[in-house]
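Using the hints provided, position chain B relative to the given structure of chain A.
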Amino acid sequence: MSESRNLSVTEHNKIREMLALAAADALEPNESELVIRHVRTCPQCSVEMEQWQLLSRGLRQLPTPQPSPDLVQRTCARAEARVIDERENAWNRRVMISLVLFAWALTLTSWPIVRLVSGGLLSLLDPRLNQSWLGFAGFTSLVWLTGGIAAVLLARQQRQERSLA
Amino acid sequence: MGLEADVAQLRRGDLDALSTLVSRYQNRLFRFLLRLVRDRSEAEDLFQQTWIHVAEKIRRFDPNRNFDAWLFTVARNLAIDHLRRIRPSSLDQPISEDESQETGLDRLAAHEPAPLDRILENERASRVGMALDELPFAYREVMTLRFEEEMKIEEIAQVLAIPLSTVKSRLRRSLEQMRNSLETRYAGENWR
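So the sequence lines, in the order shown, correspond to chains A and B. For the first sequence, the numbering used here begins at 1 and goes up steadily by one. For the second sequence, the numbering used here begins at 166 and goes up steadily by one.
For reference, chain B alone in the conformation it holds in the complex:
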């Protein structure tokens, strides 16, 4: 069954559709939240809160709108509220050097026995992931929506409620900051 049919079913109050939707979005939404809050258990809690909110407010959702954009907007707003309560500084500041040493991706990689030929690939991903984690909140969200969620610029603007030109300038600055960070950290060696 398609996404629209599942959403329509949930709007009619059928809770079976909720489970289908949660399964459909579990990886994407969890990844997005993990990028924003940088803590696994907080991301899982926000994931649950997002779906509770969706289940409660689905009747207010306009079916003519993009469900992805609505869902990610809900998740983002909850993440911002959460960070404002728990770590207000993390909304503006990049994380400290110590905190950034081990990312969620590193922890995952550490538990997965990777074949030798994938170690380098993992290492590269870990470096890029680490540089991404170090970006300020406003840059991280735009990067993950563009490169991981593969949202269009218009959709990102809708989720973040900012003009297209701001999305583009944030995207450009985030890429520049990431590249600078990687080139500074791995000067003399190939970070790629």
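Next up, chain A with everything else stripped away, as it sits in the complex:
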């Protein structure tokens, strides 16, 4: 008799701890079933359950704060501007990479072509021409550096113009 009483007290305490979650519909179906069965027969837990349900109802019925009426338009405009900006940047990156690859390919192939077309005549005119690749590379780097600086300056100017617009 006392053992079954102890068991029911344990169950009572265990279920009492589950009441808040039961009111929040956060229990597993089997736990929920257990709580419902116990609450039907336990007046104390029934009162307690009612309190939790009132609180849960209060939370579910909280008014929804409304954002400013133009928030959606502002958000869309800002997001669209950013996406367009990103797309433009991605396109510019792709174009720049393609141009760099093309230019290097052209630079590297141009030297043997010049040698082939001139039939080695140039080497007769200038005995140091075989070592002139250093000068050629230096000249190419200078051209690339100038082009790079111009590209950066143009990009900055474009960005400034866009931010002013």
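The set of hints was computed from the structure by calculation and includes no laboratory data. These numbers come from a predicted model, not from an experiment. One or more hints might be untrue.
A short list of chain B residues far from chain A (calculated; beta carbon distances all over 10 Å) [to be verified]:
| id | residue |
| --- | --- |
| 1 | ARG225 |
| 2 | PHE232 |
| 3 | VAL239 |
| 4 | SER254 |
Computed footprint of chain B on chain A; a stretch qualifies when at least three of its residues, placed anywhere within it, have a C-beta under 8 Å from a C-beta of chain B [said to hold, decoys possible]:
| id | stretch |
| --- | --- |
| 5 | 17-25 |
| 6 | 46-55 |
| 7 | 69-80 |
All C-beta atoms in this analysis are idealised placements derived from N, C-alpha and C, irrespective of residue type, glycine included.
Here is chain B on its own, set in the frame of chain A:
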């Protein structure tokens, strides 16, 4: 058009779908952010940042996943970053008594001429809203996701990146703390 179709359209780069999605989620997302940061203008700014992030990263979103959970995760992460920068203490501590006197909900209610029979209802909502605002960040987010967004426990666990058992224990502690706070504050009168 359904949510999945809008998301697919945005993934293809159609910006018209963005405006549809922003309109669809405007109230829910704004409410969630307002609960987290407790400041209207900050919530509006985070709302915009969230959608910018969504527009930029939508291609990384796995369409097999739940869009709601992804969206609220993005918003939450941005809110945490923002609070960490602006008010790091607000991530752990409940707000002070003075600050909690006027909530976003109070301000809204104050501007709306309510019929007499709704005043009591507003008063109750304001008390519950105030008690919710006083909870620490970790409790507020779990409460708003469960009771306002009506997310399932599994979805909340996904958004917050925590185990199910942690969601449940936070939910239980938040409810207990709220009830204690309401009963202490309105002892002798009916807060409900």
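Outcome of the hint check:
{"no.": "1", "hint": "ARG225", "in the structure": "13 Å, holds"}
{"no.": "2", "hint": "PHE232", "in the structure": "16 Å, holds"}
{"no.": "3", "hint": "VAL239", "in the structure": "13 Å, holds"}
{"no.": "4", "hint": "SER254", "in the structure": "24 Å, holds"}
{"no.": "5", "hint": "17-25", "in the structure": "holds (count 5)"}
{"no.": "6", "hint": "46-55", "in the structure": "holds (count 4)"}
{"no.": "7", "hint": "69-80", "in the structure": "holds (count 8)"}
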